[in-house]
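Engineer: Starting from the structure of chain E, add chain R where the hints point.
So the chains spell out like this:
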Amino acid sequence: MSDSPAMTDTVDVVHHDRPELRHHFAAVDQQRNAASLGMWWFLGTEIMFFGGMFCAYLIYRRWYFPEFAAASRTLDLKVGTFNTVVLICSSLTVAMSVRAAQLGKRKQQVWLLFWTLVFGLSFLGIKTYEWGNKYKEHHIPTFDYNVISGEGNIVKGNEALLGITDEIKNNPVKLRQREAEIQQHTKLFYSLYFALTGMHAIHMIVGVGIFLVISWMAHKGRFTPEYHTPLEIAGLYWHFVDIVWIYLFPLLYLIDRRPGA
Amino acid sequence: MSEHSEHIVPARLYVLIWAILIVCTVLTAWVATVDLGKFNTVVALGIATFKASVVVLIFMHVKYTSEKMTKAILMASVFWLLLLLVLSLTDYSSRPQGLLIPSSSDLVRLV
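Sequence lines, in order, name chains E and R.
Position in the first sequence counted from 1, then plus 1179, gives you our numbering.
Position in the second sequence counted from 1, then plus 248, gives you our numbering.
Treat the hints with care, as some may be off.
[Claimed, not checked] As a list, the in silico DSS-like pairs of lysine-lysine whose alpha-carbon atoms are at most 27 Å apart:
no., chain 1, residue 1, chain 2, residue 2
1, E, 1335, R, 286
2, E, 1335, E, 1306
3, E, 1335, E, 1366
4, R, 311, E, 1284
5, E, 1257, E, 1306
6, E, 1366, E, 1353
7, E, 1366, R, 286
8, R, 286, E, 1257
9, E, 1366, E, 1348
10, E, 1353, E, 1335
Keep in mind that the hints were calculated from the coordinates and are not lab data.
Bound conformation, chain E alone:
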């Protein structure tokens, strides 16, 4: 195409030499930019979608900071950090597979996509393990929800943070009242935790589905240095989901981890 004549005014040009170039585009570059732009518009709506949930989370976190901080401490910091690393690795393999497509290295492309799927599914597996622990601790806001006694007791060790002074401790009525508040307000934290991580996980599941198809297409040799738009825009989606997690991790896991505070 590089030696073809400049674009004419005729609209009904048929590019017989370029089967991947649709007739309503003048050039491959234009077609690729249009597709990429469409994905960016979609990601813009995704920012609006997640933005609403982030906003609700930030308001409640401001209102009920001590309860949110105490509840945040029950999340497993090591597992959360490890999962963030797993997701970053998957973003690298996606970026590298797009690069492999640009260079026309099919085998490398397929392997990198395979590792993307492995990392993506590992992330989901680790997340399931974390959710399972929350279930065991009675931290899922449903029937057996309990943060003031039993296995998932978050009051113990967090008395200073939660404002449970000796005066309140020695006054059964006041203590009950405070405990009821803690139950309610931590429920908000866990509801938002499950809504946000759940929505993120749904996006991951969709991403894994998309990348299964992309891997198959890559395996079939559908992507060339000239045409690999599906891989590229699927990659944009994957990186976006990674960015959502980059914000979720500090907001949910790292509210207040200071020792003795």
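Structural biologist: Coordinates of chain R only, in the frame set by chain E:
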């Protein structure tokens, strides 16, 4: 020719970005356990924003794109998000905190 304007990022840069992201992740987890007072949240969100910017610029090729609309959409989206968050938070911060559940007598008055 605009035909082959697609930028190919060197593999070494991708790996460098990956290493920076990993280091930042470990750093943010560690610094959260250090008492910085009110600045713990600021530092955590600062590191997150740095990580997100690097992903957008390099992994998502925004730094290399010739399509100016991509940057326009990105900036408009981030601006919209900041409007939502900043204006909502200033509004809620300047009011009595907590859920205000109207009492039944208030509801009767409304009817």
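Engineer: Now, for every hint given, state plainly whether the structure supports it.
Structural biologist: Now for the hints, and whether the structure bears them out:
no.: 1; hint: 1335(E) / 286(R); result: 24 Å, holds
no.: 2; hint: 1335(E) / 1306(E); result: 26 Å, holds
no.: 3; hint: 1335(E) / 1366(E); result: 17 Å, holds
no.: 4; hint: 311(R) / 1284(E); result: 24 Å, holds
no.: 5; hint: 1257(E) / 1306(E); result: 12 Å, holds
no.: 6; hint: 1366(E) / 1353(E); result: 20 Å, holds
no.: 7; hint: 1366(E) / 286(R); result: 24 Å, holds
no.: 8; hint: 286(R) / 1257(E); result: 23 Å, holds
no.: 9; hint: 1366(E) / 1348(E); result: 22 Å, holds
no.: 10; hint: 1353(E) / 1335(E); result: 17 Å, holds
Consistency with the previously given hints is maintained throughout, with no hint failing.
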